[in-house]
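Participant: Now for the letters of each chain:
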Amino acid sequence: MSLKSQLESLLFVSLKPMALKDLASLTDTKVKEVEAAVQELFLDYQAGDRGLTLIKNNQQYQLTTSAANSVVVQKLLKDETSGELSQPSLEALTIIAYRGPIAKLELDRIRGVNCSLIIRNLLLRGLVEESFDKIKNENFYTITNDFIRFLGLRQLNDLPDYDKLSRAETIDEVLRAAASLLPAASER
Amino acid sequence: MSLKSQLESLLFVSLKPMALKDLASLTDTKVKEVEAAVQELFLDYQAGDRGLTLIKNNQQYQLTTSAANSVVVQKLLKDETSGELSQPSLEALTIIAYRGPIAKLELDRIRGVNCSLIIRNLLLRGLVEESFDKIKNENFYTITNDFIRFLGLRQLNDLPDYDKLSRAETIDEVLRAAASLLPAASER
Amino acid sequence: MMDFITEKFSGPLGLLLSLIESEEMDITEIALAKIADDYVGYIRSAKNINPEELADFLLIAAKLLFIKSKALLPYLYSAEEEEEINDLEHQLRMYREFVAASQRVKEIINTRHWLYLPPFSNAHNRRSQFNLPVFAPPAKINSGLLRERFLEILGGLEKQLAKNKEEKLLEETLETKISIDDQIIIIKQMLVDKIKVNFSRLLAAAKTKTEIIVNFLAVLELAKQQELIFEQSELFSEIHISRLADK
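So the sequence lines, in the order shown, correspond to chains Z, L and Y.
Just so it is clear: in the first sequence, position 44 is 44 by my numbering, and no numbers are missing.
Take the position in the second sequence, starting the count at 1, then add 188; the result is the number in my numbering.
Take the position in the third sequence, starting the count at 1, then add 376; the result is the number in my numbering.
Worth double-checking, as some hints may not be accurate.
Quick list of in silico lysine to any residue cross-link-like pairs, SDA-like style, CA-CA up to 25 Å [unchecked claim]: (1) L:Lys-192 with Z:Gly-152; (2) L:Lys-266 with Y:Gln-505; (3) Z:Lys-78 with Y:Phe-496; (4) Y:Lys-410 with Y:Asn-462; (5) Y:Lys-410 with Y:Lys-535; (6) Z:Lys-75 with Y:Pro-495; (7) L:Lys-218 with L:Pro-205; (8) Y:Lys-541 with L:Arg-355; (9) L:Lys-263 with Z:Lys-75; (10) Z:Lys-78 with L:Leu-203; (11) Z:Lys-32 with L:Val-259; (12) Z:Lys-16 with Z:Ile-102; (13) Y:Lys-444 with Y:Ala-431; (14) Z:Lys-32 with Z:Ala-68; (15) Z:Lys-134 with Z:Leu-43; (16) Z:Lys-56 with Y:Thr-487; (17) L:Lys-263 with L:Leu-278; (18) Z:Lys-104 with Z:Gln-74; (19) L:Lys-192 with L:Ser-270; (20) Z:Lys-16 with L:Glu-361; (21) L:Lys-266 with Z:Gly-152.
Note that these hints are calculated values from the structure, not bench results.
Predicted model only: the values in this text are computed from it and were never measured.
Please take these sequences and the hints and turn them into a complete structure.
Facilitator: See below:
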């Protein structure tokens, strides 16, 4: 069978999001080839009149039902819940969605306030994930597939204005940084 | 969305084979139409280079992996349930052993992260079991008798220092602190 | 269902933004200088500010008062300080973009076009056809190891609890020492006793950055109420504070 079909079988059976390298070792292929085949599958699901969607997040893939069929699926399944989201939690989730992986200090800086408690709460609810960066000696935060599923998106890049908001610096900050490199900038 | 795509979504989330009349009532269509659409879906899976297949048994339909990929699927299933436990899984198992029966929310609070995926893995391996408490409307977890015997013990309280460790005040204190700081998000 | 709790604002930048928007102003230095008093007035009267966040609220208050004083005495400020003001404007603009984005995210979630997974079941039909073992313990596990692990977990939790207690203690002291109104009374008392006080002496008594800010705010407040006179013989020299002759 083709690699693409093997990957579809694996994604169908797996209980959790699958990393490229796990898919590669299971199918005994190179990561590069797996990546190309998964991408093909990702586009297949997007193009056709399909009831399934492939989510891509954090370099991991997961098969779910498609957004357009949510109403009929809800009839069959017990209603899923993610509980209440306060405005501060919603803001933190939004910033992590656009800017993740993001360090806690950077999140605090954008919100202008310490976000420890909010992060703890989001971790408990499985909406964000923490990973430790050994080189930077800091924890970084990303959005989980569960939160992406509540958004009904295939990937975070599909969020509105993703390109604009995901950039670490806004244009005027970049311009300012560039200006400060010029000797003339010191004379104001 | 098309009926065919709705049926694909429903067959994907259903844990058991589905009868035509159930599919018809969920999608609010006639059995005849559902039958035609299911047939179309069946042919789609047959024709393409697909990792999924639709099987029919006693007038009931079920989505499964294609037979040609069974070797690679089996490899994944074996990987999921063999080998040593990851550090987080071992931690969760230990807490369930000494503190069981323990609610999911309490386990999450002790570990500081959502433990859904870890619990699934421990359930799959037959190391812990789940019981639903109707009054508290929550799932509780304990280690299985198989696992107790595997450890060479006759019963749970034969675990070393069980009396002392199962009542460790530290854990109660952690749970109290978490409950006051992070009010329960409604469980899923 | 995913519910949203609405609050008046979230954090110091949220408060700042709502004050500016309620005046229908854009984010500029002039706007910030204009709302500085409203902001300080709000945090003085607010009862619902989380003690953990108080320091962050006060930090913004200090920045606003700095901007306000610059608007009054522009020649006293350097390019570097100019930069700091730009930073607050920039930070607030960026925050505003994310608040707007968070509203769009909320709308997306509320359309409930959620993506679903099959519910987990141990007797999953996708697996049952493969005759998997129902019991698959890891080889290297024994009861001694479980005990060891459990003790390690307890140790880790104890450390965490101790750290939390320390932080809480810090917050409590912060909370008790932090009221601007109390500080005003203390300063007035000092002035009654001494007639003249050096500003640096006031600050020397402060133990944390937050306390410095509170002192600063209290002094400014007294100046606003026209109860104090400030004297400084030259730039960057000691500031002497004294009471206005009995009103």
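Participant: For each hint, tell me whether it holds in the structure or not.
Facilitator: The hints, checked one at a time:
| no. | hint | verdict |
| --- | --- | --- |
| 1 | L:Lys-192 with Z:Gly-152 | 20 Å, holds |
| 2 | L:Lys-266 with Y:Gln-505 | 13 Å, holds |
| 3 | Z:Lys-78 with Y:Phe-496 | 12 Å, holds |
| 4 | Y:Lys-410 with Y:Asn-462 | 16 Å, holds |
| 5 | Y:Lys-410 with Y:Lys-535 | 47 Å, violated |
| 6 | Z:Lys-75 with Y:Pro-495 | 14 Å, holds |
| 7 | L:Lys-218 with L:Pro-205 | 19 Å, holds |
| 8 | Y:Lys-541 with L:Arg-355 | 22 Å, holds |
| 9 | L:Lys-263 with Z:Lys-75 | 34 Å, violated |
| 10 | Z:Lys-78 with L:Leu-203 | 13 Å, holds |
| 11 | Z:Lys-32 with L:Val-259 | 22 Å, holds |
| 12 | Z:Lys-16 with Z:Ile-102 | 23 Å, holds |
| 13 | Y:Lys-444 with Y:Ala-431 | 20 Å, holds |
| 14 | Z:Lys-32 with Z:Ala-68 | 31 Å, violated |
| 15 | Z:Lys-134 with Z:Leu-43 | 35 Å, violated |
| 16 | Z:Lys-56 with Y:Thr-487 | 21 Å, holds |
| 17 | L:Lys-263 with L:Leu-278 | 23 Å, holds |
| 18 | Z:Lys-104 with Z:Gln-74 | 36 Å, violated |
| 19 | L:Lys-192 with L:Ser-270 | 38 Å, violated |
| 20 | Z:Lys-16 with L:Glu-361 | 33 Å, violated |
| 21 | L:Lys-266 with Z:Gly-152 | 31 Å, violated |
Hints 5, 9, 14, 15, 18, 19, 20, 21 from the earlier list are contradicted by this structure; the remaining hints agree with it.
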